[in-house]
Amino acid sequence: KQEVTQIPAALSVPEGENLVLNCSFTDSAIYNLQWFRQDPGKGLTSLLLIQSSQREQTSGRLNASLDKSSGRSTLYIAASQPGDSATYLCAVLGGSYIPTFGRGTSLIVHP
Amino acid sequence: GAVVSQHPSRVICKSGTSVKIECRSLDFQATTMFWYRQFPKQSLMLMATSNEGSKATYEQGVEKDKFLINHASLTLSTLTVTSAHPEDSSFYICSAPFRSSYNEQFFGPGTRLTVL
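Respectively, the protein sequence lines represent chains E and V.
Offset between the first sequence (1-based) and this note's numbering: plus 10.
Offset between the second sequence (1-based) and this note's numbering: plus 452.
None of these hints come from the bench; they were simulated from the model.
Just so you know, these numbers come straight off a predicted model, no measurement behind them.
It is possible that part of the hints are untrue.
[As the list claims (entries may be wrong)] Simulated crosslink set (PhoX-like; lysine-lysine; CA at most 20 Å straight-line): (1) V:Lys507 to V:Lys466; (2) E:Lys78 to E:Lys11; (3) V:Lys507 to V:Lys472; (4) V:Lys466 to V:Lys493; (5) E:Lys52 to V:Lys472; (6) V:Lys516 to E:Lys52.
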């Protein structure tokens, strides 16, 4: 059974810092990995999707990498802003095509 | 990206009543949709996989007679919470994979259910 772990569980940083959020998974036979953002009381917003054959994806200040063989992905946030404050979740899609989620990293960026 | 809507966004009901939540894929067809439940400050808990034209697949521990799922068309899935009780109060979210985009998951905005 696939298990997804996200570290750290919570992070509080001053504005402007570069951040790394980590996601690890136990079964490397994945179809894709997706990073999401969730604001309190809201649904999930897709940030980046990395196919299993890819090593990274970039969107603006966000960069996500994937090392399938070691079961790891990182989400890099450059020059963090207070508006980046949210919970970040990663989800892995395997052969069953049912996503498995981590518990998320709660991020606070203070001015 | 693709859009998934949910209705209602918030519902308050009395104990014993049934509540229906709709999940729609607005600009793509979804033969599969997922229903999740989320408790405060916790991650998503998959409840069931909704399949168009066939029965839903429920996760272990989820009562199928309590949480009725109907995937009526390629763009609509409904979750009905029957005889709701206060312990059913939660945030319910649906998602649909956009198969044309490598099964990228798109989520609805969620429905906050409060049972009095």
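A quick look at each hint next to the structure:
In summary, the hint linking Lys507 of chain V to Lys466 of chain V is not supported, as the alpha carbons are separated by about 28 Å, beyond the 20 Å threshold. At most 20 Å may separate the alpha-carbon atoms for a hinted pair to count; Lys78 of chain E and Lys11 of chain E meet this at roughly 16 Å. Restraint check for Lys507 of chain V and Lys472 of chain V: satisfied, since their Cα atoms lie roughly 17 Å apart, inside the 20 Å limit. For the hint pairing Lys466 of chain V with Lys493 of chain V, the CA-to-CA distance comes to about 25 Å; that exceeds 20 Å, so the pair is violated.
The straight-line distance between the Cα atoms of Lys52 of chain E and Lys472 of chain V is roughly 19 Å, inside the 20 Å bound, and the hint therefore holds. Between Lys516 of chain V and Lys52 of chain E the CA atoms are separated by roughly 26 Å; this puts the pair beyond 20 Å, and the hint is violated.
When the structure is compared with the earlier hints, violations turn up for hints 1, 4, 6 and for no others.
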